[in-house]
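Participant: For reference, the chains in residue letters:
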Amino acid sequence: MSPRPGFVLDVDRSTPPTLFWHGERFSLEKLPEGSRVIYAPEPIDPLKDPSAAIRAALTHPVGDQDPLPEQLRPGMQLTIAFDDISLPLPPMERPDIRQLVIEQVLDMAAEAGVDDVALIVALALHRRMTEPELRHALGDRIYDAFAPNGLLTQHDAEDPDALVHLGQTEEGEDVEINKRAAESDLLVYVNINLVAMDGGHKSVATGLSSYKSLRHHHNPQTMQQSRSFMDQHRSELHSSNWRMGRLIAESGVKVFQIETTLNNDTFPTAFKFLQKREWEWKAKDRLGYLAASKALDRTPARYARQIFHSVKAPHRMTSVQAGEVEAVHKLTTDNVWAQQGVVVEGQTDILTMGLPYISPYNVNSVLNPILVACLGLGYLFNMYRGKPLVREGGVLIMTHPTPWEFNPVHHPSYIDFFEQVLSQTTDPIEVADRFEESFATDPWYIHLYRTGHAYHGVHPFYMWYWCAHALQHLGAVIIVGGDPAAVHRLGFRAASTLADALEMAADVVGPSPSLTHLHAPPILMADVQ
Amino acid sequence: MTRVRDALAGRRFFITGATGFLGTALVERILRSVPDSQVVLLIRPGRRATPLQRATKEIIKNDCFDRLRQELGDRFDSEMAARVEAVAGDVATDGLGLDDDGRQRLSECDIVIHSAAAVSFDSPLDSAVEVNLLGPSRVAAEVESARRLAAEQGRTGPVHLVPVSTAYVAGTHQGEAKEELLDGNRFTVSVDWRDEVDAARRQRSDLDADSRRPERLTGFTKQARSELGGAGLHLLAERAERIREDWVKKQMVVVGQARAQSLGWPDAYPYTKALGERALVAQYADTVPMTIVRPSIIESALAEPRPGWIRGFRMAEPIIISYARGLLREFPGVPEGVTDVIPVDLVVAAIIVVSGEALLTPPQEYQGPSVYHVASGVRNPFRYGRLVELVTAWFTEHPLYDADGQPIVVPEWSFPGRGRVQRQLSRASKAMDLAEKVVGSLPIRGKQAAWMAALEEQHLLADRALGYVELYGAYTETEALYRVDRLLALWDRMDDDDRRTFCLDPAAVDWDTYVREIHLPSIIEHARVKTSAGKSTKPNRADRARKNILSPDRHLAAFDLENTLIASNVVDSYAWLASRHLPPAERAAFVADLMREAPSLLLLDRRDRGDFLRSFYRRYEGAPVDRLRDDGWELFYDLLLAKSFPAGIARVREHRALGHRTILITGALDLVVEPLRPLFDDIVCARLGEQDGMFTGRLDVLPPIGEARALVLEEYAEAEGLDLGESMAYADSASDLPMLEAVGFPVAVNPEAKLAAIARRRGWHVEHWHKAEGGSSPLLPLGPFDRRGSLGRGRTSAAALAGAARRSAGEGAR
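Order-wise, the sequence lines are chains A and B.
Per the numbering used here, the very first residue in the first sequence carries number 1; after that it's consecutive.
Per the numbering used here, the very first residue in the second sequence carries number 530; after that it's consecutive.
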């Protein structure tokens, strides 16, 4: 039986309650009659033989590129850059796609007698990965072969000696990227494309760049003009990255792009009910839901968090394509859409979403309030093509406990951003004008970013800019079940139940509003007609 | 017609004790009610202020002068400057410590009023003797020579001396006390005042000698250590010396009380006052014309300068406040007994009128020293039972509130005997003492420690309440009646105008109104207690302190590390580093060993931090330097940063942003604090010796501990040209006291019990910083498993430090 496509359910009297994520917990909520629930397509069939597919992609590249083995020769300098801990979500079961792809690239390099090979984590301004995380992504064999010799490094956007300025685009955007990557004879980029925003020129132009480069597109103005940033054709974020990517290519940096897509088989067996449609739940699913939610209710939040963060997703690879960046990325985008696209008719007054425990920036960490905002208003709100799911002036209702909690090792600048910046203003443009520079150039944050596992000082600003389009578009944001103090600091409203939230929303959008629930994860992209 | 006022107009008054409650009211009244009068005040010279500055600050700026200030308007300052003079001197010194100028000015005065006294219930015997017993005679001696000096200059000089005594010099025994000199008094045993003076002075030197005996000194040092912990030698010595001085003082109080009671007085105050009167009369009755005024218990003003005016805490206020706070459940007394209270303005009026009378009396008609009582007991008796009723009713209607904003219910009064109350209170005090000792020995900090400090404060209050009962109990049980026949005769002689200006008739007081509408509201306002519901307004104070600390004018901010910025310590760091490369099987043994050792480590740390660090760091002997330096970074990110206080780190950065120098002073090892280097301008820490790539286990650089921290700070500030008075120090424990005391703005961070108590007493700013909620918090501070080790590779690297750990844990080297 082939997987079913995405589906928009109209809620009627016989519809069972709908599952809402609530951080490390979930609840079943009865939605008003006439509401719509958008479900992702079912996981599409994975590649039967991923290794063969990878080999085929490397030997039959797309676009203007020779097969990889032909580009490898003794004495050359080869750099393999790869996506960091932010992908995929949740982290996938071993073996990770990165390991599968890089092992084959390394085999080919070894066959060709290439000695000078370096691995770089393309983490831009994200936190450095820990040893266990790197071992998980690459496998012990690669890790032990490269790490002890210093050949596995993490991109350092604050090391002036490890960066090279390639020039400015026609729009005056600085392009500064990792020196080793730029000066290698060949740069192989290994990507995992979880959402439509990832990949393409963004891989190198963002993943291996510095603050000097990033600030040209990671700013409120760009984000407000990206509608959405998940739709590369209407995304100023992507236009900028594409300009930079082309400049990188023109500068003589040879990039061999390898992109992969995953199916949305997100949760292991015990949690399978999370990706099923409620009216199709079997006894096993109901039991799973009951067992999980009862057990979680009795588990302190921090242990529940540990449990969830140890969850590894059974994602499977659905495609792999390699070669020239733009040609590769076109195929990738089509493949992402095939898994995630759902056609939705018209906008809604109220959009509801249950926020899970994880976002790209809190793997193995707590989803702090800023990341809660970013997950809802940045990521899920922007999961559309055409127009936003919710109409202009509409209300976004999210369910999440939103605790006033931060990981001091991963998110030190977030703590200060929350205390010092959001207490003053939540307007992204004012935030940028008044505070960005001092956080971005703060020596302590830079120190923690470079030597520890901290996101860069400027990163919380980017999270807030990610919300800029939604903040401009929405009439109100309500968080159900959140810590009121933290919710208010974000500039949002707090409600204790969904019913309360709906009442509050009606004050904004008027009586008898239309309501749509985004049933994610699993991730889906709404094609709003 | 105003006889008294006219007689006094334009005269000069010499006043002692002007900074006291009675003295302030007296000065104000003379200046306000006696036209063109001038006052010369005998003021003890302050350390920084001249006598006139002190007089301005402590007397003229008092709210007692508000009425006069309003009446005079713009003329107030110039008028005060013209009419108030101050001379340096001290009644506890022979010759009053007057210089020639002072003696000249005294000779130019007409009336001398001696109101200086040691009224405090806990005055040591010798200081009470100096002030109360010898003071009046010293004043009289100076008056005598001033009269001679004036005569030489062809003037009259001081005409009359008015010494203020107390009604209780007549004792508190049942019966009537007349307004007569003490020699005629049948209640008190006659002793030679000179013998008493000698004995009191001897007692002081005997007790001082006693306090220097080795076993006593050991005890004081022990007590200092238990209060301060391992704060360092100098500080301990300083504290021990203060304890010794306090001990002597306390013994002198006990001695005074015992002596007074043995002679029939309730305590040292009336005893010394009585002997003072005797000495005065015996020596100067013939040469210095004088009239003694003996008030009973002076309380807030009935009408002048305004109803309810009071200065300082008098005798009854602490008792009443303790009762209203629910602290003092009962106070001994007999309901039918008379509480002899007299408003201050009546006493002031009596003194002024007595002075006026003296001026009106021709010298030839002076018949020798006489006495006036200013007391209410006979003329307008106020029953103790009524007082209790009024107070209880008032506080039921206007309750005080506790820190949580809850009203405090005042207890029912059962008029117990003094013995029972004393027993109750001393039991409570002992229980709290025990609780304090137990809690104080626990390693608590932060909020619990603040609670502990509150407990200590309660204890202090209970002790004080016990003191009140012991001291004042006698007064509420007083059955003596102080006759006021002479006072009333004086009142009768006054004309209507004088009566309006100088009301001294005790019958003028309506006790119900006085207690309900005048006295209680006034003392409640004075006591600054919580009189409204709701949470306290403390945050404002903290905010103000914080603002003060974060002013660009400050120079330097010094930080301690452990439990000030990071909830961790040297043992945690060691455990993490030592277990980092241990195979799983050995980790368990390692943890068990460390936990077994924990109590003795803790004990050593509390006794002497320097010794503790030196001996503890021996464990690093033989550990590979390079690997540990690498591990130090991992330790920081795996354990220390996760246990850091983000608000503390933000504070360091805030100081830097304000241009303050920041310095970290810690006993931690350099390899542990290395990752913190960019946070501070400078770091002072410990460093281990190295040899052939291994640590020697001996310290190359000793970490500054206790007062060494203060020294480091002082040297640093001097070298950098910074002012410690304009600097901050942040620390969590009493062992950091020297550093905290060295700066102008000490901040106690999550203070442990001892420091919390000290910070509370001294009004230091306290910060409660906590770990970020979302960080990881491992149960044990252990390094992560060494994966290479567990994979069977790099097994040999599991390590000399582990070996060192085993050696020091007593397993013997492999």
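Derived by calculation from the structure, the hints in this document are not laboratory data.
One or more of the hints may lead you astray.
What the hints assert, rightly or not - Derived contacts from chain A toward chain B, CB cut-off under 7 Å, selection only: (1) Ile142; (2) Ala145; (3) Asn149; (4) Phe406; (5) Val409; (6) Ile415; (7) Asp416; (8) Ala440; (9) Thr441; (10) His453.
Just so it is clear, the structure is predicted and the values come from calculations on it, not from any experiment.
No residue lacks a Cβ here, since even glycine has one placed at the ideal position from N, Cα and C.
Participant: Confirm or reject each hint.
Facilitator: Taking the hints in turn, this is what the structure says about them:
A distance limit of 7 Å between C-beta atoms decides the matter here; for A/Ile142 the minimum to chain B is near 14 Å, and the interface restraint is violated. With 7 Å as the threshold, the beta carbon of A/Ala145 stays out of range of chain B, its nearest partner Cβ sitting at about 12 Å, so the hint is violated. Residue-level restraint check for A/Asn149 is violated (minimum Cβ-Cβ distance to chain B is 14 Å; threshold 7 Å). A least Cβ separation of about 5 Å between A/Phe406 and chain B falls short of the 7 Å threshold, and the interface hint therefore holds.
Because the beta carbon of A/Val409 sits about 5 Å from the nearest beta carbon in chain B, less than 7 Å, this interface hint is met. Because the smallest distance between the Cβ of A/Ile415 and any Cβ of chain B comes to about 5 Å, under 7 Å, the interface hint for this residue holds. With its C-beta approaching chain B no nearer than about 6 Å, A/Asp416 sits inside the 7 Å limit, and its interface hint holds. Given hint, A/Ala440 at the interface with chain B, is violated; its Cβ is 15 Å from that chain's nearest Cβ, farther than 7 Å.
Against a cut-off of 7 Å between C-beta atoms, the interface hint on A/Thr441 is violated, since the closest Cβ of chain B lies about 12 Å away. Because the beta carbon of A/His453 sits about 6 Å from the nearest beta carbon in chain B, less than 7 Å, this interface hint is met.
Of the numbered hints listed earlier, those contradicted by the structure are 1, 2, 3, 8, 9.
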